[in-house]
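Residue numbers (our numbering), protein chains in the order written: chain A, 1 to 187; chain B, 1 to 572.
I should point out that these hints are in silico values taken from the structure, not numbers from a laboratory.
Even glycine gets a Cβ: it sits at the ideal position worked out from N, Cα and C.
Check each hint, because a few of them may be wrong.
Derived DSS-like pairs: lysine-lysine, alpha-carbon spacing no greater than 30 Å straight-line [unchecked claim]:
id, chain 1, residue 1, chain 2, residue 2
1, B, 4, A, 17
2, B, 290, B, 314
3, B, 178, A, 17
4, B, 515, B, 463
5, B, 290, A, 71
6, A, 45, A, 17
7, A, 95, A, 111
8, B, 463, B, 344
9, A, 71, B, 344
10, B, 344, A, 45
11, B, 206, B, 178
12, B, 344, B, 290
13, B, 4, A, 71
14, B, 206, B, 311
15, A, 71, B, 314
Chain B stretches covered by chain A per the calculated footprint, using a threshold of three residues with CB under 8 Å from any CB of chain A [unchecked claim]:
id, region
16, 38–50
17, 84–91
18, 392–400
Covered stretches of chain A (in silico footprint by chain B; criterion: 3 or more residues with CB under 8 Å from a CB of chain B, positions within the stretch not fixed) [as the list claims (entries may be wrong)]:
id, region
19, 91–105
20, 144–151
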Amino acid sequence: MTEGRMLNTFVVYVENKPGVLTRVASLFRRRAFNIDSLTVGRTEKPEVSRMTITVEADPDQARRIEANLYKLVNVLLVDNITREPSIARDLAMIKVAAAQEVRPHVLELAKVFRARVVDVALESLTIEITGTEDKIDSLVEVLRPYGVMEMVRTGIVAMRRGKRSLGPTQSNVVVEDAEDENIAQSA
Amino acid sequence: MTMKMTGAQILWECLEREGVEHVFGYPGGAILPAYDALKHSRIHHILVRHEQGATHMADGYARASGRVGVAVATSGPGATNMVTGIATAMMDSSPIVCITGQVGSRLIGSDAFQETDITGVTLPITKHNALVTRADEVARTIREAFYVARSGRPGPVLVDITKDAQQASCEFDWEAAKPQLPGYRPDLSPAEAEYVRALELLARAKRPVILAGQGVLASGAMGEVRELAERAQIPVALTLLGLGALPASHPLNLGMMGMHGEAWVNHAIQNADLLLALGMRFDDRVTGAKESYAPLAKKIHVEIDPAEINKNVKVDVALVGDLREVLRALLPRVEPGDRSEWLKWIEGHQGDAAVRDIQSLEDNGHLYAAHVINDLWIETRESNTVVVTDVGQHQMWEAQYYKHEDPRSLVTSGGLGTMGFALPAAIGAKVARPEAEVWVVVGDGGFQMTMAELATMVQEKLKINVAIINNGYLGMVRQWQEFFYERNYQSTPLLSPDFVRLAEAYGIRSMRVTKRGGVVPAVRAAREHEGPVVIDFRVEQEDSVYPMVAAGAPLHEMIRRPSPLVETAADD
């Protein structure tokens with residue numbers, strides 16, 4: 001083996017049926033693969049759900065993860081987009097301590113990161129940010145000195161770029177990513 | 001055409017349409033509506049003594065015949081008792097369908113009497129499972145269960161049906177209940193480039209070995225494997241579950257590989273320059289230490305399950321698809337080969353160990369298990385015989401000394417190594433193939449795990465012969481204790497009842513054999529007797545299975561039979 005372990009991103013289409021999430025999660029547990037993040041939600045077709053799973057694996061393990069996912073009868077399609085041009089997004093809500101004297105600084109940071117303030121309280125601000133994991137990590141880092149009181153992240157959702165739409169849903173809807181995702185690095 | 005039927009009636013109707021003639025089961029509260037509806041069905045229900053037995057019977061039925069076996073149980077303890085049998089079928093890719101009753105759909109989640117989340121429990125040990133809560137879901141779910149169980153890489157499927165789904169009525173429409181499994185693709189086939197690479201490796205190989213596994217039997221590729229071996233002159237090593245894939249008497253058949261394989265087989269594998277793995281999965285009992293496994297060999301893997309590729313052993317070429325179809329595509333393009341030098345090399349090692357042949361063992365007054373197996377083979381080899389073995393020393397001796405000529409003539413639990421498998425699996429085998437002569441070869445330990453099924457055998461008037469290889473120990477564990485735990489025989493000496501009197505209590509003819517001279521007469525008497533027979537063979541207590549590759553040791557490092565046990569003289 002020449003290539004090492006890396007974070008792989010799988011897009012997995014499954015039948016929207018009870019218990020399917022358990023089957024997928026159980027598979028990773030049973031084969032001793034560690035899920036880094038798993039998100040699941042509806043798609044444009046009510047009978048199909050879509051998962052984005054990120055998992056640390058070498059290329060050979062990644063192939064076996066794909067093959068094992070296909071062994072689940074309810075799995076419709078697996079797309080390993082790790083090496084494909086793709087858009088990956090995480091959403092976070094960060095409640096940060098922001099008393100009057102520091103509030104302008106926090107607001108300025110949010111602005112630089114193109115984050116939104118979604119709740120304002122006397123002693124805190126809640127900031128919502130969408131972006132790559134890196135970008136969110138960076139914002140959290142710069143907010144930390146002010147006091148991060150609470151944080152929640154959705155985990156990665158991902159999609160291939162461009163017109164090429166894999167998947168059983170035959171969707172032709174293409175959303176071009178307009179946002180500068182490298183802003184975190186430049187911030 | 002549709003008609004109004006209850007879920008319970010639909011269940012039996014669908015089983016009949018799937019070709020089911022026998023089911024193995026045990027009634028109880030949550031499955032009672034189904035049992036009530038059984039009186040209108042042509043299906044014969046075999047009452048077991050424990051639900052584990054039902055699953056092993058379904059499994060034995062499937063392995064002996066290739067048809068899907070069916071087991072039925074109630075909710076809760078009935079369902080959980082099936083777990084071992086389901087896991088056994090999963091590990092050995094055996095197509096069975098398990099039907100369980102479930103508490104009423106409104107009670108689910110309330111910890112109702114005899115409620116167990118059996119679809120949750122069996123999730124990792126079934127190929128697929130489903131909970132049915134409505135009568136109108138029964139037909140499609142049962143059809144899907146059979147389709148999934150028997151297609152692709154076969155395996156167990158469990159269908160859990162709530163009591164109210166069995167009781168409720170709905171329109172039954174077989175055609176409309178076609179399987180709808182958009183994500184299930186059991187029919188993969190390799191790309192042309194893979195064939196080309198395989199053929200290149202094949203043409204270049206000077207010391208190739210075919211590794212034939214159970215996939216040969218599952219896909220019915222016996223003829224193709226034989227043709228490939230003969231045309232390219234490639235010797236064939238078999239896994240335990242692959243025994244019978246090529247006749248033992250075939251000149252290219254080396255015999256069983258792995259932990260208790262003959263030395264020449266393992267040496268051939270370790271010295272090969274190409275391994276052609278057909279329907280096998282490089283189990284650790286077959287490879288020994290992975291790092292030193294067949295270090296000189298390129299590897300081609302023909303396998304229906306893509307998840308098996310590069311799982312245990314890295315391969316150079318993978319042909320993913322049905323073995324028979326792949327070999328059919330490959331065969332016309334395989335060049336006839338001459339590997340006489342290689343075959344001679346293997347034969348040299350074989351000759352070395354030929355003195356191990358048990359037939360040349362002198363009769364020293366002791367009865368060895370190998371004697372029993374050898375004599376049983378000699379006596380039954382001309383007839384259509386199925387040997388069903390349990391797990392342990394006797395299982396390995398059977399694999400070594402009973403020379404299987406035909407596919408599905410050996411039924412044994414390989415992957416899971418389930419003690420207690422043999423007797424119920426033999427009942428299933430006999431039900432599936434009533435014309436076959438069925439022998440159980442079982443240890444005194446494993447026999448006591450499921451011997452309650454003797455009553456099932458008697459109640460069903462099944463002519464099965466049971467050979468208990470009785471050494472007073474949990475023999476294989478004792479052997480490991482002898483080799484690796486300084487003879488600390490902790491919890492392995494085993495007290496047994498008087499098996500002869502026990503069998504007689506069931507109304508079964510029974511006898512005891514303690515000397516080699518008694519083996520053949522007992523086997524003959526058993527074969528002549530109309531009903532079932534139990535023979536208690538009292539064999540040498542501290543005999544061991546040789547050769548042996550210690551767990552995790554390189555495949556060529558075998559523990560050989562020590563002197564003075566006769567047949568070691570000329571071993572290397």
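Each hint tested on the structure:
1. Taking the CA atoms of residue 4(B) and residue 17(A), the gap is about 27 Å. The hint holds against a cut of 30 Å.
2. Note on residue 290(B) and residue 314(B): the hinted pairing holds, with a Cα-Cα distance of about 10 Å set against a maximum of 30 Å.
3. With a C-alpha separation of about 18 Å, the suggested pair residue 178(B) and residue 17(A) falls inside the 30 Å cut-off, and the hint holds.
4. In summary, the hint linking residue 515(B) to residue 463(B) is supported, as the alpha carbons are separated by about 25 Å, within the 30 Å threshold.
5. At most 30 Å may separate the alpha-carbon atoms for a hinted pair to count; residue 290(B) and residue 71(A) meet this at roughly 25 Å.
6. A distance of roughly 13 Å separates the Cα atoms of residue 45(A) and residue 17(A); the hinted pair therefore holds under the 30 Å criterion.
7. With a C-alpha separation of about 15 Å, the suggested pairing of residue 95(A) with residue 111(A) holds against the 30 Å cut-off.
8. A distance of roughly 45 Å separates the Cα atoms of residue 463(B) and residue 344(B); the hinted pair therefore is violated under the 30 Å criterion.
9. Distance restraint check for residue 71(A) and residue 344(B): the Cα-Cα separation of roughly 43 Å exceeds the 30 Å cut-off, and the hinted pair is therefore not satisfied.
10. Taken as a hint, the residue 344(B) and residue 45(A) pair is broken in the structure, with Cα atoms around 64 Å apart against an allowance of 30 Å.
11. A distance of roughly 50 Å separates the Cα atoms of residue 206(B) and residue 178(B); the hinted pair therefore is violated under the 30 Å criterion.
12. Using a Cα cut-off of 30 Å, the hinted pair residue 344(B) and residue 290(B) holds, with the two alpha carbons roughly 27 Å apart.
13. Straight-line distance between C-alpha atoms of residue 4(B) and residue 71(A) comes to about 35 Å, which puts the hinted pair past the 30 Å bound.
14. With a CA separation close to 26 Å, the supplied pair residue 206(B) and residue 311(B) stays within the 30 Å bound.
15. The straight-line distance between the Cα atoms of residue 71(A) and residue 314(B) is roughly 20 Å, inside the 30 Å bound, and the hint therefore holds.
16. A stretch counts as covered by a chain when three or more of its residues have a beta carbon under 8 Å from one of that chain; for the region 38–50 of chain B and chain A the count is 0, and the coverage is violated.
17. Under the rule that three or more residues need a Cβ within less than 8 Å of chain A, the assignment of the region 84–91 of chain B is violated, with 0 such residues.
18. Proximity of the region 392–400 of chain B to chain A, defined as three or more residues with a beta carbon under 8 Å from a beta carbon of that chain, is not established by the 0 residues found.
19. Evaluation of the coverage hint for the region 91–105 of chain A: breached, as 0 residues show C-beta separations to chain B shorter than 8 Å, against a requirement of three.
20. Given as covered by chain B, the region 144–151 of chain A fails the check, having 0 residues with a CB less than 8 Å from a CB of that chain where 3 are the minimum.
Hints 8, 9, 10, 11, 13, 16, 17, 18, 19, 20 from the earlier list are contradicted by this structure; the remaining hints agree with it.
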